[in-house]
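*Asks:* The chain contents come next:
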Amino acid sequence: MTRLNLTLLIALAVLVPLSLLAGRVWIDPTGTTIPHAATILMELRLPRAMLALTLGAGLGAAGAAMQGYLRNPLADPGLFGIAPGAALGAVLSFWTGWAATGWALPLFALIGAGGAMALLGLIAGRSGGVLLFTLAGMIIASLAGALMSLAISLSPTPFAMSEIVTWLMGALADRSWAEVWIAAPLTALGIAALMLAGRALDALTLGELAARSLGMDPRRLQMLMIGGVGLTVGSGVAVAGIIGFVGLMVPHFVRPFTDRRPSQLIVPSALAGALLLLVADCLCRVLPLAGGELRLGIALSLLGAPFFLALLLRMKRELA
Amino acid sequence: MLAAQNLTLAGRLAGITTELHPGEVTAICGPNGAGKSSLLAALAGLLAGDQGAAMLDGAALSALPLDKRAQQIGYLPQSADVAWDVSVETLVALGRLPWRTGGAQDHAAVEAAIAAMQLGALRQRAVSQLSGGERARALLARVLAGEPRWLLADEPLANLDLAHQLALLAHFRALAERGPGVVLVLHDLAQAMNHADRVLVLSGGALVEDGPPQQALRSEAIARHWGVQAQWLGERGARALAII
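If you read the sequences in order, they're chains Y and B.
Its first residue numbered 1, the first sequence is counted upward by one per residue in the numbering used here.
Its first residue numbered 1001, the second sequence is counted upward by one per residue in the numbering used here.
These aren't lab readings, by the way, just hints derived from the structure by calculation.
Heads up, the beta-carbon is just placed ideally off N, CA and C, and yes, glycines get one too.
Check the hints yourself; a few may be wrong.
Across the chosen pairs, the derived CB separations fall in these ranges [claimed, not checked]: (1) 1132/B with 118/Y: 36 to 46 Å; (2) 1174/B with 11/Y: 49 to 59 Å; (3) 311/Y with 1230/B: 26 to 36 Å; (4) 1108/B with 145/Y: 50 to 60 Å; (5) 1079/B with 138/Y: 19 to 29 Å; (6) 298/Y with 1132/B: 42 to 52 Å; (7) 305/Y with 1059/B: 50 to 60 Å; (8) 135/Y with 1010/B: 23 to 33 Å; (9) 1234/B with 2/Y: 51 to 61 Å; (10) 103/Y with 1107/B: 51 to 61 Å.
Sample of chain B residues with no beta-carbon within 10 Å of chain Y, all distances over it, derived [said to hold, decoys possible]: (11) 1006; (12) 1011; (13) 1056; (14) 1069; (15) 1079; (16) 1129; (17) 1133; (18) 1177; (19) 1179; (20) 1212; (21) 1243.
Selected chain B positions facing chain Y (in silico; Cβ < 7 Å) [what the hints assert, rightly or not]: (22) 1044; (23) 1070; (24) 1077; (25) 1083; (26) 1085; (27) 1090; (28) 1155; (29) 1228.
Work out the full structure: start from the sequences and follow the hints.
*Replies:* Below, the structure written as structure tokens:
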């Protein structure tokens, strides 16, 4: 194991127990006993922490793989249209009223993600070319976005509309073990697919033609990317709504500590993504805010937009 | 043996049949749009023809497993683009990707390629910090690290100053003398004349000349295919093209 991965694991081992203590009710293990402390820990905070780790790991790994695949440090897993596809599925579950029954929301979202993945494979076709694939993703993203807006504008009740809008601003509040059991296995499978893509992503460092001359199979890589990004991002959206910018930011934090090959970035990005989401969710929880808790999706967008700008400015300076 | 058999690609290649020999430096020349890069990519197995086939040792390239093909044929694209700012050592090691061996064998091949391209002092340097000539050497070392039996390079001398062009040509010659076949797309006819064992001239997608450089690139051929009246001056191995 590399020193970077070990450092990140140690940080996680320290921060996960600490994160369980933070929240509206602070739990002090040495202080006075708090009523229902065990329930708060086991049924509220632990699943929430596990979900933060799962989603963060999935988004981090997907971001690292996406940047390698598109050979672009500004790429984000959202570019493939899978997150909007999943969100559209979730919106439809609210729209139809099915969301009220426990499993329907994530199921609809997963079907939406699966639909986006299938459409992506169909449009991108046999060529395996990266450009066509990216354009296909953008088409799907804008189509899903338009359909989502349509569903919101035609929502049957104001209640459904407010439910949809709130849900879209991703959050981890009030999640249970059920969400963990949906997201964790799918995310693990997705990260495994992305790790399998590592060698091909390394080859792509030299451009598409040189990568193919090194034995990279563009179709296989495309399938691994659709599967990997689809499972990690799709399952994440299914349980928590849209949480942006993690996949964009995390690989940048990690890259300077690696040899910069995309394959070496996937695992540390997963660990760092888990760390980022865990800390960000904790801060959302403890931030004193009138009218409830800061939504995680909003917090990360507030953090992500200036980060993106700084990145752009730095790249502009390097190009000049 | 690397060969093309009636290789045809609509609008780009018109029924090319030829056989290339290991241990030789073969130059592919021709005016712009003649199909040079297409032929090179097809010979590397990266471009499938509509008809005919590129063959390696009697088997169609398209039928070879991708890893096996990549182990035999190294391809140096025209673009010197490297997406991530990796070190020279990491860049060269990418050439080992087709082998999946790992360990000592990879290490030895990477070391040999670094030594052959005199990159020892630059091994830890980031690619973005290299000069154009150093980058060209590092990218060639990447191909050499794969220990290919065939090295196919698309305009490897473009964007290099004269000294670096000559140095790279010397490396190609040294490689061919060790056994592998070297195939280069070259624009500079004098470089092809002085440094190739054999020249293929393409025009309009067809193979119109094939032979030793002094025959394939004689004045009449240059006039016919490039539309330029020119004459060779100087001695063999140091010829210059004078435009009349």
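*Asks:* Each hint needs a verdict: does it hold in this structure or not?
*Replies:* Comparing the hints with the structure gives:
Range check, residue 1132/B to residue 118/Y: Cβ separation about 45 Å, and the 36 to 46 Å hint holds. At about 50 Å, the CB distance of residue 1174/B to residue 11/Y agrees with the hint of 49 to 59 Å. Taking the beta carbon of each, residue 311/Y and residue 1230/B are about 52 Å apart, not inside 26 to 36 Å as hinted. The hinted range of 50 to 60 Å is satisfied by residue 1108/B and residue 145/Y, whose Cβ atoms lie roughly 53 Å apart.
Checked against the hint of 19 to 29 Å, the pair residue 1079/B and residue 138/Y passes, with Cβ atoms roughly 24 Å apart. Between residue 298/Y and residue 1132/B, the C-beta spacing of about 47 Å keeps the proposed range 42 to 52 Å intact. As the Cβ distance of residue 305/Y to residue 1059/B is approximately 55 Å, the hint placing it in 50 to 60 Å holds. Range check, residue 135/Y to residue 1010/B: about 24 Å between beta-carbon atoms, so the 23 to 33 Å window is met.
Distance hint for residue 1234/B and residue 2/Y: a CB-CB separation of about 57 Å, consistent with the stated range 51 to 61 Å. Under the hint 51 to 61 Å, the C-beta atoms of residue 103/Y and residue 1107/B, about 52 Å apart, fit the expected range. Chain Y leaves residue 1006/B outside its interface by the beta-carbon criterion, the shortest separation being 23 Å against a cut-off of 10 Å. The claim that residue 1011/B lies off the interface holds: its Cβ sits roughly 18 Å from the closest Cβ of chain Y, which is beyond the 10 Å cut-off.
The Cβ of residue 1056/B sits about 13 Å from the closest Cβ of chain Y, beyond the 10 Å cut-off, so the non-interface label holds. With a minimum CB-CB distance of about 7 Å to chain Y, residue 1069/B fails to clear the 10 Å threshold, and the non-interface call is violated. With 10 Å as the threshold on Cβ separation, the claim that residue 1079/B sits away from chain Y is violated: the shortest Cβ distance comes to roughly 5 Å. Listed as outside the interface, residue 1129/B is consistent with that label: its C-beta sits roughly 12 Å from the nearest C-beta of chain Y, beyond the 10 Å cut-off.
Under the 10 Å C-beta cut-off, the non-interface status given to residue 1133/B relative to chain Y holds; the minimum distance is some 18 Å. Every C-beta of chain Y lies more than 10 Å from that of residue 1177/B, the closest at about 23 Å, which supports listing it as non-interface. With a least CB separation of 20 Å from chain Y, residue 1179/B remains clear of the 10 Å interface cut-off, as annotated. For residue 1212/B, the requirement that its beta carbon stay farther than 10 Å from each beta carbon of chain Y is met, with the minimum near 29 Å.
Chain Y leaves residue 1243/B outside its interface by the beta-carbon criterion, the shortest separation being 34 Å against a cut-off of 10 Å. For the restraint placing residue 1044/B at the interface with chain Y, the shortest Cβ-Cβ distance is roughly 6 Å, inside the 7 Å limit, so the hint holds. For residue 1070/B, the suggested interface contact is upheld, since its CB lies about 3 Å from the closest CB of chain Y, less than 7 Å. For residue 1077/B, the suggested interface contact is upheld, since its CB lies about 5 Å from the closest CB of chain Y, less than 7 Å.
Checking residue 1083/B against chain Y by beta carbon gives a least distance of about 4 Å; that is within 7 Å, so the hint holds. About 6 Å separates the beta-carbon of residue 1085/B from the nearest beta-carbon of chain Y, less than 7 Å, and the hint is met. Among the interface hints, the one on residue 1090/B holds; its C-beta lies about 5 Å from the nearest C-beta in chain Y, closer than the 7 Å criterion. Among the interface hints, the one on residue 1155/B is violated; its C-beta lies about 13 Å from the nearest C-beta in chain Y, farther than the 7 Å criterion.
With its C-beta approaching chain Y no nearer than about 30 Å, residue 1228/B sits outside the 7 Å limit, and its interface hint is violated.
When each numbered hint is compared with the structure, violations occur for hints 3, 14, 15, 28, 29.
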